[in-house]
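J.: This is what each chain is made of:
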Amino acid sequence: MKKILTLPLLALAWAAQAQTPAPWQTIEAQARGQTVYFNAWGGSEATNAYIEWVAKEVKGRYGVALQHVKVTDAADVVKRVQTEVSAGRRNDGSVDLMWVNGENFRNLKNAGLLHGPWAEALPNWGAVDLNKPVRSDFSVPTDGFESPWGTAQLTFIADKKTTPTPPHSAKEWLQFAQANPARVSYPKPPDFHGTTFLKQILIELTPDRAVLQQPVSTAAFARATAPLWAFLDQLHPLQWRAGKAFPASAAEMHRMLADGELRLSLTFNPNEAANLIASHQLPPTAYSFGFTGGTIGNVHFVAIPVNAKAKAGAQVVANFLLSPQAQAHKADVAVWGDGSVLNTAKLPAALQAKFNKKAPGALTDNVPTLAEPHASWVEALESEWLKRYGTR
Amino acid sequence: MTDNPRTLWLATVPVALVIAPVLPGLYWALSPAGDSAVWRALWQEPQWPLALQTTLTSALLGSLLAAAGAAMLAMLIYPSALWSRLQRHLAVLLSVPHAAFAVGLFFLLAPSGWLARALAPLMGWSSPPNWVSVQDPYGLSLALALAIKESWFLLWMLMALLGEQAVARQMLVARSLGYGRLQIWRAVLWPQLLPRLAWPMAAVLAYGLSVVDMAIVLGPGTPPTLAVLVWRWLTDANPDQQALGGAASLVLLLLLVAAGGVACLAWQVYRHQRQRRLPKGQRRPHAPPAWLKLHVPMLGVGYLVVALLALWSLAGPWFFPALWPQELTLTSWRSANWQPFWTTLWLATAASMWCVAATLIWLEWGPQRYNAVLYLPLIVPALPLVAGQYAALLKLQLDGQAAGVLWSHLLMVLPYTLLTLVGAYRGFDARLMTSARALGQGRFSACLRVKWPLLQRPIAAALAVGFAVSVAQYLPTLFAGGGRFATVTTEAVALSAGGNRRVLAVQALLQVALPLAAFALAALWPHWNSRHRLGLR
Chain A
1 MKKILTLPLL ALAWAAQAQT PAPWQTIEAQ ARGQTVYFNA WGGSEATNAY
51 IEWVAKEVKG RYGVALQHVK VTDAADVVKR VQTEVSAGRR NDGSVDLMWV
101 NGENFRNLKN AGLLHGPWAE ALPNWGAVDL NKPVRSDFSV PTDGFESPWG
151 TAQLTFIADK KTTPTPPHSA KEWLQFAQAN PARVSYPKPP DFHGTTFLKQ
201 ILIELTPDRA VLQQPVSTAA FARATAPLWA FLDQLHPLQW RAGKAFPASA
251 AEMHRMLADG ELRLSLTFNP NEAANLIASH QLPPTAYSFG FTGGTIGNVH
301 FVAIPVNAKA KAGAQVVANF LLSPQAQAHK ADVAVWGDGS VLNTAKLPAA
351 LQAKFNKKAP GALTDNVPTL AEPHASWVEA LESEWLKRYG TR
Chain B
1 MTDNPRTLWL ATVPVALVIA PVLPGLYWAL SPAGDSAVWR ALWQEPQWPL
51 ALQTTLTSAL LGSLLAAAGA AMLAMLIYPS ALWSRLQRHL AVLLSVPHAA
101 FAVGLFFLLA PSGWLARALA PLMGWSSPPN WVSVQDPYGL SLALALAIKE
151 SWFLLWMLMA LLGEQAVARQ MLVARSLGYG RLQIWRAVLW PQLLPRLAWP
201 MAAVLAYGLS VVDMAIVLGP GTPPTLAVLV WRWLTDANPD QQALGGAASL
251 VLLLLLVAAG GVACLAWQVY RHQRQRRLPK GQRRPHAPPA WLKLHVPMLG
301 VGYLVVALLA LWSLAGPWFF PALWPQELTL TSWRSANWQP FWTTLWLATA
351 ASMWCVAATL IWLEWGPQRY NAVLYLPLIV PALPLVAGQY AALLKLQLDG
401 QAAGVLWSHL LMVLPYTLLT LVGAYRGFDA RLMTSARALG QGRFSACLRV
451 KWPLLQRPIA AALAVGFAVS VAQYLPTLFA GGGRFATVTT EAVALSAGGN
501 RRVLAVQALL QVALPLAAFA LAALWPHWNS RHRLGLR
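So the sequences go chain by chain: A and B.
Its first residue numbered 1, the first sequence is counted upward by one per residue in the working numbering.
Its first residue numbered 1, the second sequence is counted upward by one per residue in the working numbering.
These are computed hints drawn from the structure, not numbers from a lab.
One should not assume that every hint holds.
[Unchecked claim] Within a straight-line C-alpha distance of at most 27 Å, the following computed DSSO-like cross-link-like pairs (lysine-lysine) qualify: (1) A/K79 <-> B/K395; (2) A/K132 <-> A/K357; (3) A/K70 <-> B/K395; (4) A/K346 <-> A/K357; (5) A/K132 <-> A/K354; (6) A/K161 <-> A/K357; (7) A/K309 <-> A/K56; (8) A/K171 <-> A/K161; (9) B/K395 <-> A/K309.
Next comes chain A alone, as it looks inside the complex (with noise of 0.2 Å):
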């Protein structure tokens, strides 16, 4: 029996190592020359312009030109790989990086759309903070096939001139609009700003939270999620348009909270506000606040398609994304304000000061973190939510 099993564990052994990166030095001199289509979302304008400060380093530091390709919906970029793969394009797709995490990550990872494992192979990964969850996606191990880049946690913004006392939870949410009548909406799902909208809610709502880190099932959601829908019939008649219409997105809720069109905004970056009143599109009475009892925080990845061209220069980038120098560049408030992966401790004391910035504007509460459902759940709420409330 014991004879039986060694056999194909030899195997799997001897399989292992074949697939054992090669060394760093060789995919830096691989990487030099190449292209590196980098498709990430570019609904910020903060984002780009460190994507493409990004950029102007590692044609410098290391010869590889980085091409942002700008996507509304990381999901497109799934389909997108999907299509290539199916179509037999193997090793030339157009994709060579992408940012990613949740159901995205899953479905590519479960369809055997990835490259890797290389993650954990890259230089940088001994920095990186493994008491934050940078190993699993939204209840998905990521097994080495996607680095993280970033943490974010779901943060509210309004106006101490017109909000003074903001709604600490859904039970408070409701209660708002119903004193501004017209003032409250969110994004339209599946903008992912719009769906961790109804997930918040649906944490906060849901009988038991346990079900929520299950894959989710067809009794389990019907159950879970039917106080969430009662919650949305009683608000979306008090929304802005009467609900029939949502913003686009997280960026026009900002516009539309700063000219007093809405009371309140959301955001992923907790310092997202801060940023804002500093680029004049936020009047300096904005801030930021969280729930009391905890908002929804997460890790948000880069990984690389299976068919991607410079799977080396995709690997390149990706280190130099996790560099300290980089990574205190993109927590700076002054460029994007975005949480590091890294274990801060650890590094010189010069760049500590640089993670620990804060500026009017940001979140200052200390809001508890509340783990993202399992993403299974993400695809079954977005398509529920547009089949009652999609089309008017």
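For chain A, the structure is supplied; the task is to place chain B on it using the hints.
T.: Coordinates of chain B only, in the frame set by chain A:
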């Protein structure tokens, strides 16, 4: 004009390169729509009925309002000194691309827009009113934008027709007989002009049916117009969705044909009733009311919109209900992303040069009777064509490549360069060529040394028009470029969903500046070039 079958054949090559690959592409893109299951799926698609309704409202209402506006303005002020002055304004306004106009109109009309800000002190608003003035569910704001933008185009067309000597003389004769302006329009001018305006109207309607960039900025989202849905379906990775997009793009084509049929019927009815409306001797010399200054809002809104774009690009903090920015700053310009600008510049330069060269060769040696085929992209909704181009590029593995994007622009630019050049080319004094040939020049060198230098003005104009058309292209850039090529147009539309109006205003303004600069150059360059040649000045 054609002498040798081989030159004839060669002259069609540059044009054929532009057109020929689209035909199999159209087959690949649209053949899935031959399956009846696709049409059943389209019929059951929940967004489809409302999207169709929005498309019909915005396209039909927009085109009809544009026609009515242009017609009313012409009846009010033609002929007059004002009418000739309008021409210069129209030249400027027509070079404002559709997307930039939509963005500017959004800045004007949105609940937090400039109009509401102007009203705020009167109404005591401290927060924006609950208007549904943009992205309304019926597509009315989109219709309004199309109506204003296309009325300029139709006025321009009317000007060209009314500028013809024969028409102008009829007006003179009828007036000297004592007939009033409106009487003359009804009895003499419209019956001649209407049939000649049919093709420009078809172009306007085709544009309204398949416009995506303006619909993204001003149209509704739940659901969007049919054109936006088609675009999303066609770019979906799922083949079922692509088939849906192909079928729905055929619907756009059918709508255009149906509208053409209705227009033909209306024309027949009009012709039968005309007899009764001929003047029976009574003179009604009443001038139209002078207080009706229709041209002020119709053209003024264009300048207002560009001014708003300029203001936003320079604005520091500027929140509702402030009418002016708290401070002006160059920050947005300094931190502007210039890459789309350079991409647009080379794309538009290359596309206009290729098309003007191809047009010159075609006009000199090509089979002229097939001109109508080259004009087709003007009056066919762009979506099926772009889908065909995309399918062809995918097969050739040229999608996402610079050459592919450039090629996708050529089909849209070529009809305009031909349209701009054909009149001047036909009007060229043939004796000059005969003399050149008699002096021993070959045909090509006679063209190069005599004909084309003499035609430098229309050639420069065609280059500018081609440049402007390429700058404004949204769908071909997106499809063929696979998201890798950002032009000022795609950038402006993408940013319109985001939050920062300043960054958006900068890109929209660049989109206005590029064609304007091209037209200015086209006006100045021949002048400079011929400064030493008395006869050419």
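J.: Indicate, hint by hint, whether the structure satisfies it.
T.: Do the hints match the structure? See the list:
1. A/K79 <-> B/K395: holds (19 Å)
2. A/K132 <-> A/K357: holds (20 Å)
3. A/K70 <-> B/K395: Holds - the C-alpha atoms of B/K395 and A/K70 are around 24 Å apart, at most 27 Å.
4. A/K346 <-> A/K357: Roughly 17 Å between the alpha carbons, so the hint for A/K346 and A/K357 holds.
5. A/K132 <-> A/K354: holds (20 Å)
6. A/K161 <-> A/K357: Within the cut-off at roughly 25 Å; holds.
7. A/K309 <-> A/K56: holds (21 Å)
8. A/K171 <-> A/K161: holds (23 Å)
9. B/K395 <-> A/K309: holds (19 Å)
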